[in-house]
Every structure is written in structure tokens, then in C-alpha cells.
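Participant: Chain by chain, the residues:
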Amino acid sequence: MERDIKKLIEQFHNQISSVKTPEDLKKIKSEYIGRKGVITQMLKNITSLPEEDKPKIGQLLNQAKGEFQHAILEKEKEIFQEEGGRVEQIDLTIPGRNFKLGTIHPVELILKSTEEIFLGMGFCVVDGPEIELDYYNFEALNIPKDHPARDDQDSFYITPEVLLRTQTSPMQVRTMENQSPPVRIISTGKCYRRDAIDSTHSPMFHQIEGLAVDKDIALSDLKGVIIEFCQQIFGKDRRVRFRPGYFPFVEPGAEVDVSCGLCQGKGCQSCGYSGWLEIMGAGMVHPHVLEMAGYDSEKYTGFAFGMGAERIAMLKYGINDIRLFFENDLRFLSQFK
Amino acid sequence: MQVSYNLLKEYVDIDLTPEELAERLSMNGIVAEHTKPVLEGVKGVLVGKITSIKPLKGGEGSSNLSICTVDIKNQELEVVCGAKNMKVGDYIPFVTEGGSLPAVGKIEGKSIQGVFSKGMICSASELGLEKGKSPGVLILDHNLPLGERMESILGLGDDVIFDFEIFSNRPDLMSIIGIAREISAFTGKPLHQPEIKITEAEDRVNDRISVEVKDEDLCPRYAGRIVQGLKVEESPFWLRWKLLLLGIRPINNIVDVTNYVMMETGQPLHAFDLDYIHGQKIIVRRAHPGEIFRTLDGVERILTEENLVIADRDRAIALAGVMGGENSEITEKTKDVFLESAYFDPINNRRTSRYFALRTDASNRFEKGIDPDGQIFALNRAASLIEQLTLGKNLAGVIDQGSNKLTIPKKIELNFNKVKRIIGTSIAETESEAKDNIINILKKLEFKINYQETHFLEVTPPSFREDIQREVDVIEEIARLFGYENIPATLFKSTVVQKGRSERQIIIDKIRKVLVGCGMHQMIGYSMISPSCFDWLRLPATHYLRQAIKLTNPLIQEQTIMRTTLVPGLLKAIQWNVNHSLEKIKLFEIGRVYFPQENKPDEPLPVEKLMVGGAITKIGRGDIWEKSEQWDIFYLKGILEALFEELHLIDLDYLSGELPFFNQEQNGIIKAGNKKIAVWGKVEQEITDFLDIPANVYLFELDFTELYPLIERDITFKPLPRYPFIKRDISIVVPEEVAFAQIKKETLTVNPVLLKQVELFDVFRGRQIKKGYKSIAFSMVFQAEERTLTDMEVDKIVESVKMKLYQLFQAELRE
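These protein sequences, in sequence, are chains A and B.
FYI, the numbering for the first sequence is 1 to 337, going by the numbering used here.
FYI, the numbering for the second sequence is 338 to 1152, going by the numbering used here.
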């Protein structure tokens, strides 16, 4: 046994002295001390030796292993020096194996960040049907069949009583029918209007709806909540302005503007030289809407607001054409990291 | 509602600049969508006088043109003109060489059929005052200073035009007086109502005509007057100019007066030629079914009982509140006129105008609800103007049917506390100050304070404010005049604990994140698609995916039904990206699909299902690393497996499917128990060829509704193993049809306690393997919970595995 080991050592030194290339060195390395190398194997088989031989043989083998490792290391240096510039160099400027992540759609980004902001203010997120009853989409929102306000929301119908919702506001009514106050909800999703496609109109778009009803909710609370939202979405430096507005399901009604980010409110082409950008409709829930949903309008008040997610995304990211959202061009989508 | 700054100034004192005025109005809810100088883009237009007109002779068919000489004070210039409506002595706007017009641009002299024309006589549309093409040149007033630049004439060229957006609940603002009244309310400056001066003749109107309203519900008020012995001609310049400022084309003095008074007061009026009212009788009735009536625009209309008409003894003479008839139109020959001022039911009026797709300035006001008490004022104002302009005589008296029915005053109680509760602030320092402010605001808005108590007051809104119905409407008025900008911003006084996001929403968000992590980009496709998608997806006529919901009024052919699958949208998006030279495309969508309700007749709404779809394709070689990475069916499966793992979905069966848009061999469904949760596969080449996609597309669609209940969200920690594991590799040769899943399953059952994992590491077909067979290499991991396994134990199990695989699949060991 001892002799075998000595022979092995001799053989090793003979072989390594003639090695010239890293490949050969690698081969020798695995032959002797690799996972299936001779020494490794012998060390494994040591258990089958007679008890009295074990320590000695073990020591010898381990010495040999150490010797081999050292010799291989020395040879490695030698080869490296000899080969000089010919050695394979690692070019760290080569791109890494890519782990490219995908992206979330910009409209979704707006929906999610809006939800987050309102979740932080104690709202919860609810979903509702996109194909809706005329009742919830219009009538329960104080917009009866022949109301002129229907002109602004030309609808796609499935039957005379069923349509693609033109706004997320039906969720106000559905929520109030199922839940007693206090209510604080946010609801987002697709809406549809019979508008021909152009750079600012799309027959399909997304809305964000909010509703809060309780015993003591006032117009001033709406202002507070909306200013908080706008400044979180657009930045603390943006100003927010409330103007009277008209939506049949709120009274008093308001339209909300934020100061133009491009011109800091001085007036430029993108804000129509007004310094302001209109971003949402809002107001105090009309008592008739509360009553139709079964709430006591003397006891409870509330506010509601609604805005277009594409509009918010366009203003936030500087997108100039609504059609880009639905072309799903990767050059567009992949920018929203 | 278009109106000009100077015009408003005639009705209310204004000490704000046009810009300041627009800003103030917008903060009060009247937004000027456009604001522009009246003669925007007009340069070098002088007041000229025509001194001669002679026909231009020359080239063939050119007799329409004439040569005019125009006096511009210091010189006379010759121009060629195509219009016919001017005569010698007329004052006209004349643009000289070097001047410019908004639509035309810079004016240069040019030779027309041998005559050198040194400028141009302008029409209203050329000056930018009318949208359509004007019928002739604009004839100016003789009192204008000859040779003066129009844009610098005070009161004329210095004006500013506003185009106000009027909310549909404020038809009272669709008038000059309405807007002036608002300005007066928030500036405190006095309002100037127009003057009415009528000298009535001795003959009584009642002797000349009688009015019978048959359908009082549709026409609660009908008033009229007769003006006799008038002459129909062009209106004086001041009236024509005002109409242009209001965006209305001047026609003749009678029509112009009715139009102007409508714009001034908001009350639409109509003038009939009295001679053509048969039987000296006006009947307001529903149309007979099938009654044929030709409106002023020359279109013959077939009426129904739902349409209200103004008729005489024999026939309809107007479509009530929408448009008059040709049969009683005012013409140059008209001598006597019957003037109508009525209130028509808004809903019926709206239905009629929508039915005929005939929206007019009149119907636009009637349908929103005009002042129910404004008929007589507007009628008298028009009668007075006609008298002033035409020397016609008003007959004595006014026809006024049903006068009282609409004007029962509303009484609304306003609680002072409620004002604070809704607005969120007391609008003054002290309570009594707040009360004073409230009363003051309401008075400015012409509300009547009926009486006042400590905590509330009772008010009657003015008749023109039909939108004020209840307390909260009054509170909005107070907030509006107080100024929204003066309301503080507060946050909720109360706190509520809500449940935040639902489980379902959290899982949807997780799916989105995992797919993004797999390098996929989220897309959003249209919910409306074309049924032709089903054809190129090769779906047979009865396929369930074809059972789509149809839109009754689609907008475009490509979007007529609601999608039942995300697949066409995914493929269309891939096609788009391929067309734009993108090479590595990985898209996913999380969106709804829609199916008709099948077994629930009581449920009026269709089924909406949330689906998760994804598609990948790679065109070309890819970069340094990617060239060796295949985007094939297993790449797609890798994404799916990653997703399922993240959702803790286990025990899924991968079976073959039969969707016609997938390639026969790479066509899978995934089941959890008996629930089909997904389809996946390689898109049939015929389809990718049809879409001009030059590479294989792999696609999946998951049914979230089926998936969701199976998802385990809780994480339970398992202690780490205390004893080492032993790993053994084997390689077997089996017939092609033996699936790895079978091998794995059978292997695991050999010793379910110790055999923990079976992992594939190679599949090989080649020269060493006989045809119809494949080599499968996998490793097995053995582990015991309570002790260290011995090699001998493991060897035994491996032997049993080999034996079993041989028995079941004729698996031979490969060395």
C-alpha cells in the first residue's frame, strides 16, 4: 500500500513536469485529487483497511493530497506567466446574462399607486361589473332616462337596460346598497364610451372612483383628501384648485385642477395657457343618491370623486396620445420601470 | 354659449379685463373654453366704400365676377369681387395688399382675368366671424370712419369673444342676461335689463288669431303677439354684428330679432308669416301618426304621436320647439308676423330632437328647461325690437295660454347649521355674520327670503333657476359665491378601519408581480373585438368561445362583440410589435372576458371572468447569452411553473388539449383535480402565418376564477432536515410514448417515505439509442427524518425502482 502511494507520487511529479497548458493541468488535477480522482478514491476506501493500517495510510494520503495541491497551484502560476498575454482574459464589459424583468402597464401603475394612497387614508378597494345595469350607471346616480347629462356619456348598449358602464360611479350605489355607513371605498376599472378614437379619446378607458360617507363629512374634507392625493401623485410642489362643477349625482359639485407641471402654472401650450390642468370631477354625494341607496340623507353626508386613469398617467408621465395605452408597443410599455 | 366682452358690458357694468373676467367666471363654474380677440388674425382691414361696380368681361363663363372701385379715404382702389350682395355706396371691410386674414393669410395683389386686384372685400367668415362660408360680403355701418383699420375701431375691433361651457343644469346661463346676472351677483355691479317700448295698435290680437293648446302637458304655456305691416329686409349693422359676436348668422330683420332675443334672454322664439296660418287658428297638438312635415331645412319628416307640432286649421306649421316649417316661413314678402313664445316640455322636446337628430339652438334650450316665467318678457322684447326696426305695428294684447301652471313658487327651507355641515366651514367669523353673508349671497342671486327664524330661513329661488330643487342646491349656491377657493382643506374627523385590499386583489397583484419577474410586460387589450377573430383562430361555428355578447350600437367594425378570451388580443399585440421590428416579445394581460348568463334567467348581467393570458415569441438570434436560450414550449411552461409555485398550487395535471388554435402536438390543458385552470400551447403556424409573425408563438390563458379558490396563501414553516440526504442518478431508455410524468409518479411510489424527489436532468435521443426510444436521466433524493440513511438501504430502493420501471415501461438501464 505504502509503495503504491509512493509510486503514485512519483508518477504525479513526472506527469506534471511535462504539463504545458491549463487544460492538461486540469486533467491531472481531476485525475488525482478530483471528485473521482485516485487519491480521493483511496481516501474513501480507507474504511476497508485493517484497523492498524488506517492512521498511517490516511496520513500518507493526506500528505500526498497536500503536496499535489501545492504543485498544481505552482504549475498554474508558471503556465500563467509563460503564456503571458495569451491567457484568456475576462472582459468585464461584456453584458451580463440578462435577467430582464418585465413591466407593469402605466395605467395599472396609476391605479395601484392611487389605491395605495387611499388605502393609507383608510379606504378599501372594491370591484364591480363592467357590464352594468342602466339603473346603476345612470338612474340611481340621479340621471334618469331623458336627462341631458346622458349626452356627455354616449353608451354602448347590450340591451335597453344593460350597457357597458360609462363610469365607475355605479360602484358608489352598489357599495351603499350593501354596506351601512361609515363607508370609504375606492374602485378602479375599465369604462366605455361611444367616442371615436383620437389622441385624447378612447372608447375604452379606466376610471378611479372614490366615495366616503359618514355622519360628518364635508366639502372641506373632500378638499383635504384630494389635495393629499394630488400632491402624492404629482409632487408636493403642485397646487390644487377647486371650481364649481356639475355632475347630477353630486351637490355641491366640483371640478379639480392641478397646476401645470411644465410651466409651474405660468401657462403654456400643454395647459392651454391657463396654468391649470383639469383632472377630476368631485362633489358631495347628492342626497337623492343617498336616499335611493337607502341611506338617511339627513343623518349622513359624503363625498365622491372620479377621474380618468389615462389622463392622470398622461399628465404624470408626459404621454401625449391616449392610443399608446392600448397599442401595447414594447417600446412604450418597457419604459415604465 | 358664445358671447363677447363688449356685449356683456351692455348688460352689466364690468371693471375687470376680459382675462380677469374669464378667470372669475371659471371660479364660479362658468368656464371659457376659448377666449379670443374678435378680429384675431386680422391685419390691415380698412373701412372702405364702394364707389362703382361693373361686371368683369373677359374669359368664358366669368360673368360672376365684378370690378369694384373702393374708396379708402385717401385713394380709390380697383378690386375684383365674386359677391353679389353689395351696391354702390355700401361700406365694406377692405383688406389691402400686405394685410392678412385669419383663414387666408397674407393678402397680395393679383391679376384676375386681366384686372389687377389690389386687395379684397371681406365677408364675415373671411374675418373669422363666422364658421361656415358667409353668403356675401359684410356690409358695414355708414357711420364707421372711412379708411380706418377695423381692428382699431373702439367698441368694435377691441372686443373679445368668449366661448363658455355651460353645464346642462344651468340653461339660464345660455343667454347674455344669464351670464350678466352671474357677473352682477359676484361683482355687485348693477344689471341692465333691455328696454321694452311697444306702441300697440287698436286692433286686438285676439280678433286676428286664436290659440288652442290640446296637449297642455307638453306645452304648459303658449304666448304670442302679432306685428302687422312690417317690411322684411336686412337687419341694421349693429344687430348683424351682435349676432356675429354670438356666433349666429344674420338672415333678415325678423329672424334676426327672434334669434337675438333668444340669445339675450334664453327664451327661444319663432316667427310665422301670418298670411300662411290657415283659419286664423293655432293648434298645439301631438302630430298624427305618419303626418308628413317639411322643416325649414327642406327635409321632409314623418312624424309620430310622440312629436308635438304647432298647427293651423289644416296642417302642421312647426315642429314645436325644434324647427319651423317651410310652409309658414318668413320671406321678403311677409307683411304680418305671428310671434310665438312658449314653454315646451323638456323631455318630449329632447326626444323629438333626438328622434330626428335635429339639434337646434331652440331645442338645446327647451330640453334643458327654460325659465317658465320668461315667455312674456321675451315676447315683448322681440315685439318692441321689431317695431323699432321695421315700423310694423303691434296689435293690442298678448295671447297667453296656461300662464300660471308652471310658476307656483318653490319654497325651500335652509338650515344654517346644514350650510356649515356640508361646506365644512362657517363662512364667517361669527354665527350672525355667517347668517348675514348667507342672506346677502342669496339676495344677490335673486332668491326671495320668505321668512327667517333663528336656525333656518325659507327661500324661493328665482323662476329661471329650475335647477334649485332642495336645500343642498341652495347650499351649493352659497359655496359657489363664497368661493371654493376660500373653503379650508381638512381631513376626516372620524377614523374608520376598513379591510383594505381583499384576498383576491392581493393575489391578482402577486400574479402580476411574478409575471413581471419572469420578464413579461403587462398589456391592456380592448374588451371589444371583432367576431372575425374567431375565424382566424379557426374556431368551429359552435365553439363555446364564439358565444359572445354583442353590442347593439357598436362604433366600429373591429369592435362589435365582447371578448370571450384574451388570445386574439395577445396575438394582435404580438403582431403589432413584430410589425414594429421588435424581436423579443413577452406580453401578459390580466383582464376580464364576458359570457352570456346561461342558467340564471333572473340575473340580468352577463358573466365576467378574470383571465390571465401570456404570450412569448422570439424572432432572430438574440444577444450573446440568448442565442443559446430557446423560447419554446418549455420556456413558457417554466413561466407557468414559476407562477404556480409562487401561488402554492400543487398537484396539477398537464394533459393534452384540443383547442383549434394550438398546434396539435403542443396543445395543453392544466387541471387541478377536475377543474380546468389553464390552456397553453404553441399557436398553430397557419395563424402566425396569417398574422405575418415569422416565428413560433407560445401562449397560455389561465382562468383566475377557477384558480383562485385553490390558492394557498398561508406559509407554514417546515423544520430543516437533521440528517443528510443521499442522491443517486440513473439513466434509462424507454419508448417515446412514455411520459416523464409517469416515470416520476411511479418512481416516487416505490418508497414514498424515503424517496423525496425525482428530478429530470437529461433527455437524449441519438445514435446510441434505438429508434422510437429515448433516454431519460434523472436523479433521486433519499432522506430519512430520524436517522442517517445507509448506502445499502438506498441501493435497495434504487434496485426496486429499476425493476418497477422495467416492468411498467420496459425501461432499460443505460450505462
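Incorrect hints may appear among the rest.
Said to hold, decoys possible - Once the Cα atoms are required to be at most 30 Å apart in a straight line, the calculated BS3-like pairs of lysine-lysine come out as:
hint, chain 1, residue 1, chain 2, residue 2
1, B, Lys1081, A, Lys266
2, B, Lys937, A, Lys190
3, B, Lys830, A, Lys266
4, B, Lys830, A, Lys299
5, B, Lys1108, B, Lys1081
6, B, Lys937, A, Lys337
Stated by the list, open to error - Chain A is nowhere near these chain B residues, computed Cβ spacing over 10 Å in every case:
hint, residue
7, Lys672
8, Gln789
9, Cys855
10, Asn1088
As the list claims (entries may be wrong) - Simulated coverage check for chain B against chain A, where a stretch passes if three residues somewhere in it have a Cβ under 8 Å from a Cβ of chain A:
hint, stretch
11, 639 to 650
12, 760 to 771
13, 1051 to 1064
In case anyone wonders, no lab produced these hints; they're calculated from the structure.
Just so we're clear, the structure is a prediction, and the values are computed from it rather than from any experiment.
Cβ coordinates follow ideal geometry from the N, Cα and C atoms, glycine included.
Participant: Holds or violated: Lys1081/B with Lys266/A, Cα cutoff 30 Å?
Facilitator: 70 Å, violated
Participant: The stretch 639 to 650 of chain B covered by chain A? Criterion: 3 or more residues, Cβ-Cβ distance below 8 Å.
Facilitator: Check failed, 0 qualifying residues.
Participant: Between the alpha carbons of Lys937/B and Lys337/A, is the straight-line distance 30 Å or under?
Facilitator: 44 Å, violated
Participant: Would the hint linking Lys830/B and Lys266/A be met if the CA-CA limit is 30 Å?
Facilitator: Since the Cα atoms of Lys830/B and Lys266/A sit roughly 35 Å apart, the hinted pair is violated (cutoff 30 Å).
Participant: A cut-off of 10 Å on Cβ-Cβ distance, and Cys855/B was said to be off the interface with chain A. Does that hold?
Facilitator: The assertion about Cys855/B is violated, with a minimum of 7 Å to chain A.
Participant: Are the Cα positions of Lys937/B and Lys190/A separated by 30 Å at most?
Facilitator: Answer holds: Lys937/B to Lys190/A is near 25 Å, not above 30 Å.
Participant: For the stretch 1051 to 1064 of chain B, does the count of residues with a C-beta closer than 8 Å to a C-beta of chain A reach 3?
Facilitator: This one is violated; 0 residues, fewer than the three required, reach chain A with a Cβ under 8 Å.
Participant: So is Gln789/B really clear of chain A, every C-beta pair being over 10 Å apart?
Facilitator: 21 Å, holds
Participant: Non-interface claim for Asn1088/B: all C-beta distances to chain A beyond 10 Å?
Facilitator: Given that every Cβ of chain A is farther than 10 Å from that of Asn1088/B, nearest at about 26 Å, it holds.
Participant: Hey, Lys830/B versus Lys299/A, does the alpha-carbon distance stay inside 30 Å?
Facilitator: 16 Å, holds
Participant: Quick check for students: does the CB of Lys672/B sit more than 10 Å from each CB in chain A?
Facilitator: Holds, since 39 Å exceeds 10 Å.
Participant: Just to be careful, I want the Cα atoms of Lys1108/B and Lys1081/B compared with a cutoff of 30 Å; is the pair within it?
Facilitator: 23 Å, holds
Violated hints, in rising order: 1, 3, 6, 9, 11, 13; the structure is consistent with all others.
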